[in-house]
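Novice: Taking the hints into account, I'd like the entire structure generated from these sequences.
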Amino acid sequence: MIKKILIANRGEIAVRIIRSCKDMGIETVAVYSTADADALHVQLADEAVCIGAPSAKDSYLNTNNVLSAALLTGSDAIHPGFGFLSENAAFARLVEDCGLIFIGPNSDVIELMGNKINARRKMIEAGVPVIPGSIGAIESIDEGINIAKSIGYPLMIKAAAGGGGRGIRIVLDDSQFRAVFDTLRQEAKNNFGDDTVYIEKLFVDPKHIEVQILADKHGTVLHLFERDCSFQRRHQKVIEEAPCHMLSNEQRIKICEDAVKVAQAVGYDSVGTVEFLFDQHQNHYFMEMNTRIQVEHPITEMITGVDLIRNMIRSAENVKLPMSQEDIVIRGHAIECRINAEDMRRDFAPSGGKIDFYHPPGGKDVRIDSAIYNGYVIPPFYDSMIMKLITYGDTRLAAIKKMRSALEELIIDGVTTNIEFHYMTMHHSTFIEGKYTTGFAQEWIKELKERESFI
Amino acid sequence: MIKKILIANRGEIAVRIIRSCKDMGIETVAVYSTADADALHVQLADEAVCIGAPSAKDSYLNTNNVLSAALLTGSDAIHPGFGFLSENAAFARLVEDCGLIFIGPNSDVIELMGNKINARRKMIEAGVPVIPGSIGAIESIDEGINIAKSIGYPLMIKAAAGGGGRGIRIVLDDSQFRAVFDTLRQEAKNNFGDDTVYIEKLFVDPKHIEVQILADKHGTVLHLFERDCSFQRRHQKVIEEAPCHMLSNEQRIKICEDAVKVAQAVGYDSVGTVEFLFDQHQNHYFMEMNTRIQVEHPITEMITGVDLIRNMIRSAENVKLPMSQEDIVIRGHAIECRINAEDMRRDFAPSGGKIDFYHPPGGKDVRIDSAIYNGYVIPPFYDSMIMKLITYGDTRLAAIKKMRSALEELIIDGVTTNIEFHYMTMHHSTFIEGKYTTGFAQEWIKELKERESFI
Amino acid sequence: MKIENIEQIIKLFERSTVSKMEIESGDLKIKLEKDSGETGNYVRIPNVSSPTLVVEPDSDTLVKAPLVGTFYGAVNPQSAPFVQIGEFVSAGTVLCLIEAMKVMNEIKAPVEGVVLEILGRNGEMVAYDQPLIRLGEST
Amino acid sequence: MKIENIEQIIKLFERSTVSKMEIESGDLKIKLEKDSGETGNYVRIPNVSSPTLVVEPDSDTLVKAPLVGTFYGAVNPQSAPFVQIGEFVSAGTVLCLIEAMKVMNEIKAPVEGVVLEILGRNGEMVAYDQPLIRLGEST
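Protein chains in written order, with the working numbering: chain A, 331 to 785; chain B, 331 to 785; chain C, 15 to 153; chain D, 15 to 153.
Rather than coming from a laboratory, the hints here were simulated on the basis of the structure.
Quantities reported herein were computed from a predicted structural model and do not represent experimental measurements.
Backbone N, C-alpha and C define an ideal beta-carbon position, used for all residues, glycine too.
One or more of the hints may lead you astray.
[What the hints assert, rightly or not] Lysine to any residue pairs mimicking SDA-like chemistry, simulated, CA-CA at most 20 Å apart:
hint, chain 1, residue 1, chain 2, residue 2
1, D, 43, C, 37
2, C, 34, D, 137
3, B, 452, B, 437
4, C, 48, D, 44
5, C, 116, C, 91
6, A, 731, B, 355
7, A, 684, B, 686
8, C, 48, C, 37
9, C, 34, D, 136
10, D, 116, A, 469
11, C, 45, D, 39
[Said to hold, decoys possible] Here are the in silico distance ranges between beta carbons for each label pair:
hint, chain 1, residue 1, chain 2, residue 2, range
12, A, 367, D, 151, 26 to 36 Å
13, A, 355, D, 91, 33 to 43 Å
14, D, 25, B, 750, 19 to 29 Å
[Said to hold, decoys possible] If you want the ones that stay clear, here's a sample from chain B, every Cβ over 10 Å from chain C, calculated:
hint, residue
15, 403
16, 459
17, 482
18, 508
19, 581
20, 777
Specialist: Here you go:
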């Protein structure tokens, strides 16, 4: 059994993990950069070790310092959170080589799913629908144009080692294809050290739907239903909700069963997420699998009641999942707004500073996952997300109304945030309808700019 | 339909009511004394009216000013919260005479249940077990001593118009009975304007169990299961939990059905609570009914998912309850700690002051109902309760563990609070066992004093 | 002496109005000092005395509403107002009415003086303690 | 009194509104003082330049840990320590070892100087930026 966990992360996810550890009677070790000496996760953990200079590569990505801290504090396991080292197969192996438990899936799955072409091929084998495109890598322009003919434009050329919106080119015709192909390969080589590229059809205005997977090391793979993450600005999720309002129950079952099929096909054994595109003809296509806990996991916890971090830890301990698929039921609806320290009037540029006054909302059906406090200084080195505001309701509309009043109550003074943007979004008819697709947020921002709501 | 509600209260319950009103699209009017100009409920309501000087009798109990404020702001209804005017039948009638809706039960029920002798008599008629004692008022010492013979000592002489631990004398034998009888009657006359007294048997170390009732004006009476409120200091509840850990399912059904019988017998038509004693022989006896929303209602909301304030408002609007008894199911366990601004080292004396630093806990399964904020000055005129910290868990132990870590995270600097007392209690074996009775808190405080944990 | 104890001592010192403190106990010695100049009023004591009459620094008298109701400057819309700006009134003169629960309450001048300002608005609600009329010195 | 305790006391002092503090306990004496006219620096810009070498106001040099690991003042328990208090060392002299991931990392003197203090403890963990050795001017 795990007695002590080192949390190789910072901010609200580190705090989130510490909370479940406390519930489970597991000791915690926080790590921090010199810029994070006053951070909340450092205060809440049982121990804390400084692991480097502010820049993430010197601290939170410094594998040696993280591992030394784990070994020297007598930790049994490392939880990577999300970002940083969480999807680094080499790190996961190193953790295991040190005799520690990596709280996440086995390193082979991380590696397999990290290469988008291999993941696609595996899914085709497993009989899960993938986005139409090339089966494997495209070696030449001619080969690519041939495939383009069969699937049709518009399409995307994507770097196999990319992800999160990076290493992608959209092309509308053959001439554009010819124009960008070599550049993208060179770019991929420079950025990811791998110039492999492949082709995927580009869908216009799809829904981004993802299914939460929970699996153990004894072959059990469960789904915890889906989240609708279509509200994105530049491929970054801003608002998420669970379940997806647009799915019929039949479609929900189909997508969730395909997600389980994906996880089973690769021997998945932890918490993870399978992302799908859902097009206007109600078809879904596998996009990728995130082999880690995700930012938006609380909305799934709200509608299912399942503690994902607890089960992730238990699963890493080799414990069998204590529930079966029938035990997992959707109750109500949950929404998450990512509160970012950013200035929507300056194209959402990150804005640091000191929080002079902080007043979080409270009461029924409100959950706050955050690592800020009164007087906290947001360091300029990391993510601008400073709070996840989560609301729940019996119905989707009730959750929206609760979010409105929670946003009204929330006060964060001293730094510029996107609270107002969320508040306006919660009153937008397209959002309220729930049919919005991945293009909506950008259009809505454009609309706000045009009517000069950004003063 | 109600469009605007005046909330004739302050503090966290006023904030709580405002929150449900916002969810329902109902406008809110806050009222406040001059000492509460900076209070949170004043900030959150749509409108706010100053109704008098700091002393409650000049403001929150000033019927004329409250009613004038309601009428002049165009409110349709008044929610009295708890305390202040909430169980004042004359006020409820006055509200109705002004053409406004009183959000609570009809004034006849308030009046009936306000007189403890009449309530007892009614319950005996309805076939609900009451605490052994006199059927009606005791007019003379001799009459009393006769009844004492039949039920046995120890017993209590109680003022019919008392309540909440006031107007009670415990007597152990005939001589004590003779000694206190006339004094108590005089005291009752002075304090409540009514010298009627009655007798009840005194139980040694019972559980205080209460059942949440939700009823409408169309004859539907539902119960939302029970709460265990046995953790009391000087008849004041300090910690509450739901459900009661000690009850078998059979006993739970019996108590809850008796509570429904009580509410049906008096034509109850709103939210209310039926209080029972549960003795060491597993028998339960009706004590009294509180004809209002209670402080500890959130723990019932946590285990049932039902919003009590929303349903209380809808019920006052003459709407039929949207659920039936089968829809109400217990899920998990919830605990509430009342965080009071009081100094346990000075015998829990109230302590005001300015909150220099406030940091509430967050995350999964934590609910905070409060009206404080950073820099808030606690006025010395009102209740010392400044926060209700509520935690939830799949099991009772999980809820206790969550409460511990929530108490660890909670910081209220600048004023003295009972946070530490709660924290110690959450580690006490008797509390953890869950078998504690109404005598436990006092003994535990004595124990703490003796081992000088209060320094 | 544990760190927590030192912390408690610092807190006690901070909360107090004391500006310098020295403690010796056994082999421990602590000396604390606050910046002078900084006052930071600790507990704001709400005013519990009668709030209907407030004497302003410049010796003006502000008559405030003693109850919640509707303000009237005249008996009815057709009548002349009770008082006008610039008018001298003696103590006890009716200045305005506040209607509450269908009862008209006369608000009288607590002192003599010249009417400087009429702050209540005809037919509108006044809250408790809301300024109604300002009286100045009768020079 | 351990370093951590002093660190805690400094933090307590920093967070408090106290402007001067002296603590004596046993043979330890701490005196802390804040700049008056202290404005409350708004954004603390963390030092991103090389943190292993910090020049103290009194021109002492504090050698800090450049990585997380186990501190060793000697090659093995039987050997003589690399340096001793009072010893003069030239720039580049090995001062101590930090073992991390089974690799021994030599920590060298960045400047010449006299060893004033050895702050790392044999066989114990040092975190990044933790003070190891203080070098003084070679007068």
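Novice: For each hint, tell me whether it holds in the structure or not.
Specialist: Going through the hints against the structure:
no., hint, verdict
1, D/43 x C/37, "14 Å, holds"
2, C/34 x D/137, "43 Å, violated"
3, B/452 x B/437, "16 Å, holds"
4, C/48 x D/44, "17 Å, holds"
5, C/116 x C/91, "17 Å, holds"
6, A/731 x B/355, "9 Å, holds"
7, A/684 x B/686, "17 Å, holds"
8, C/48 x C/37, "15 Å, holds"
9, C/34 x D/136, "42 Å, violated"
10, D/116 x A/469, "43 Å, violated"
11, C/45 x D/39, "12 Å, holds"
12, A/367 x D/151: 26 to 36 Å, "29 Å, holds"
13, A/355 x D/91: 33 to 43 Å, "37 Å, holds"
14, D/25 x B/750: 19 to 29 Å, "21 Å, holds"
15, 403, "7 Å, violated"
16, 459, "44 Å, holds"
17, 482, "49 Å, holds"
18, 508, "43 Å, holds"
19, 581, "45 Å, holds"
20, 777, "22 Å, holds"
Of the numbered hints stated above, those contradicted by the structure are hints 2, 9, 10, 15, listed in ascending order.
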